[in-house]
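Colleague: Here is what each chain is made of, one letter per residue.
There are 2 protein chains.
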Amino acid sequence: MMTSNHHETHLKSSDFITDVVIGMSDGLTVPFALAAGLSGAVSSNSIIITAGIAEIVAGCIAMGLGGYLAGKTEQEHYESELQREYDEVAHVPEKEKQEVKDIFATYGISESGQELLANELARDKDKWVDFMMKFELGLEKPNANRARNSALTIGTAYFIGGLLPLSAYFFTNTPTNGLLVSALFTTICLFVFGYFKSKITGQRPIAGALKVTLIGLLAAAAAFGIAKLVA
Amino acid sequence: MMTSNHHETHLKSSDFITDVVIGMSDGLTVPFALAAGLSGAVSSNSIIITAGIAEIVAGCIAMGLGGYLAGKTEQEHYESELQREYDEVAHVPEKEKQEVKDIFATYGISESGQELLANELARDKDKWVDFMMKFELGLEKPNANRARNSALTIGTAYFIGGLLPLSAYFFTNTPTNGLLVSALFTTICLFVFGYFKSKITGQRPIAGALKVTLIGLLAAAAAFGIAKLVA
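Protein chains in written order, with our numbering: chain D, 1 to 231; chain W, 232 to 462.
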């Protein structure tokens with residue numbers, strides 16, 4: 001029962017969900033705040049829409065390709081460390097055995113226990129390397145499609161998240177009306193998003209929803225104030 | 232020698248550096264691309280500056296507070312799992328011993344080795360729980376100030392990264408000139424940033440610098456094209 005709880009937590013916060021949350025968090029907040037900021041500084045919706053769409057496209061590409069690069073880097077890092085562990089196991093096995101023993105020593109395992117474990121691990125090079133990757137370096141084998149999937153998911157989530165607040169300016173005729181509708185609509189979206197995000201990550205949903213909504217509104221209010229000052 | 236290499240890698244990619252990279256990656260790219268997009272669609276620098284500053288403030292708060300929430304969530308998650316492991320060790324010790332054995336069974340450790348390890352671990356509850364946190368759940372104790380530091384570092388890096396490309400519009404008198412200076416200046420900044428980022432994360436510096444620069448320029452070109460279409 002308890003073990004299955006652990007397992008559930010791990011399943012829930014999958015790579016896909018994590019990426020949706022990353023993209024949607026910024027997507028719902030930044031274009032909304034930018035549009036809100038411009039609403040206090042310009043007189044026509046069309047500039048807000050142009051700027052909003054430019055921002056969404058820029059953010060989408062920057063975050064999507066950023067996610068792609070991060071995924072690739074993670075994979076290359078894993079592979080180069082894997083190669084290094086294979087080299088070490090082949091060329092300095094006694095040193096690697098000592099590393100195994102050191103790991104177990106920190107957990108209070110006796111000298112003879114350390115010795116036994118190091119020798120048993122050393123019987124199978126692949127498993128030994130797996131062990132070192134996970135327990136010495138804390139690295140898990142990344143999913144091969146992670147980088148590409150990450151890019152698409154983060155980018156799409158940012159795009160959708162950004163269009164929601166901006167859409168209010170399509171259907172209104174002044175920045176002030178646009179801002180009112182956008183703020184109302186985005187507050188609801190932020191709350192709903194924050195609620196599910198918190199549920200998924202195991203936080204208290206209402207408290208989490210309030211936090212996410214507050215950040216969005218704070219960002220928008222700050223952008224509005226600064227843009228009014230600058231313009 | 233080889234072990235000290237591992238260690239170096241870990242030291243280098245510290246939380247601080249990671250946060251600077253997160254903030255600076257988006258900060259150098261998104262405000263630059265937004266300004267570039269607007270340059271093709273509006274006729275005065277002042278709107279670009281207003282929109283750029285609104286974006287930087289919005290992004291700064293969204294990313295900074297987002298980093299704060301993420302850090303807090305990580306810490307709460309760690310603490311709730313820690314509590315759960317202490318409960319399990321106290322109330323279902325045999326089940327926990329079986330989990331220890333299962334972990335080592337996957338690495339080809341013999342039944343008697345598993346038994347020895349599980350029994351030795353069980354002598355010290357704190358170390359046993361530490362072991363389960365790291366090796367069953369893959370969780371490391373987060374730094375207590377991580378959330379606050381993360382927020383400040385990411386926010387500041389985004390702010391500085393965003394002001395660099397935008398500054399070109401302060402010193403020029405038309406969007407076209409602003410865009411030219413900004414693109415030139417930002418290309419250099421992206422390259423330098425990509426170079427050091429790659430060095431720090433152990434990638435090939437020149438290849439990494441080119442990738443980072445390309446993403447920034449792609450985002451700007453896409454924003455420029457779309458903004459021209461929409462306006």
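Hint data in this document are derived by calculation from the structure and do not stem from the laboratory. This structure is a prediction, so every number in the text was calculated from the model and none was measured. A few of these clues could be false.
20 Å max Cα-Cα, derived EDC-like pairs, lysine to aspartate or glutamate [unchecked claim]:
{"id": "1", "chain 1": "W", "residue 1": "K365", "chain 2": "D", "residue 2": "E76"}
{"id": "2", "chain 1": "D", "residue 1": "K141", "chain 2": "D", "residue 2": "E94"}
{"id": "3", "chain 1": "D", "residue 1": "K101", "chain 2": "W", "residue 2": "E346"}
{"id": "4", "chain 1": "D", "residue 1": "K127", "chain 2": "W", "residue 2": "E367"}
{"id": "5", "chain 1": "D", "residue 1": "K134", "chain 2": "W", "residue 2": "E307"}
{"id": "6", "chain 1": "W", "residue 1": "K365", "chain 2": "D", "residue 2": "E99"}
{"id": "7", "chain 1": "W", "residue 1": "K358", "chain 2": "D", "residue 2": "E136"}
{"id": "8", "chain 1": "D", "residue 1": "K127", "chain 2": "W", "residue 2": "E330"}
{"id": "9", "chain 1": "W", "residue 1": "K430", "chain 2": "W", "residue 2": "D246"}
{"id": "10", "chain 1": "W", "residue 1": "K365", "chain 2": "D", "residue 2": "E140"}
{"id": "11", "chain 1": "D", "residue 1": "K101", "chain 2": "W", "residue 2": "E310"}
{"id": "12", "chain 1": "W", "residue 1": "K430", "chain 2": "D", "residue 2": "D102"}
{"id": "13", "chain 1": "D", "residue 1": "K199", "chain 2": "W", "residue 2": "E310"}
Colleague: State for each hint whether it applies.
Modeller: Tested hints:
With a C-alpha separation of about 23 Å, the suggested pair K365 of chain W and E76 of chain D falls outside the 20 Å cut-off, and the hint is violated. Note on K141 of chain D and E94 of chain D: the hinted pairing is violated, with a Cα-Cα distance of about 25 Å set against a maximum of 20 Å. In summary, the hint linking K101 of chain D to E346 of chain W is supported, as the alpha carbons are separated by about 17 Å, within the 20 Å threshold. Taking the CA atoms of K127 of chain D and E367 of chain W, the gap is about 17 Å. The hint holds against a cut of 20 Å.
Straight-line distance between C-alpha atoms of K134 of chain D and E307 of chain W comes to about 23 Å, which puts the hinted pair past the 20 Å bound. Taking the CA atoms of K365 of chain W and E99 of chain D, the gap is near 17 Å; set against the 20 Å cutoff, the hint holds. Between the alpha carbons of K358 of chain W and E136 of chain D the distance comes to roughly 17 Å, so the proposed pair stays at or under 20 Å and holds. At most 20 Å may separate the alpha-carbon atoms for a hinted pair to count; K127 of chain D and E330 of chain W meet this at roughly 18 Å.
For the hint linking K430 of chain W to D246 of chain W, the alpha-carbon distance of about 16 Å falls within 20 Å, and the restraint holds. Only pairs whose Cα atoms come within 20 Å are accepted, and K365 of chain W paired with E140 of chain D is accepted, the gap being roughly 13 Å. At most 20 Å may separate the alpha-carbon atoms for a hinted pair to count; K101 of chain D and E310 of chain W exceed this at roughly 28 Å. About 30 Å separates the Cα atoms of K430 of chain W and D102 of chain D, which puts this hinted pair outside 20 Å; it is violated.
Using a Cα cut-off of 20 Å, the hinted pair K199 of chain D and E310 of chain W holds, with the two alpha carbons roughly 17 Å apart.
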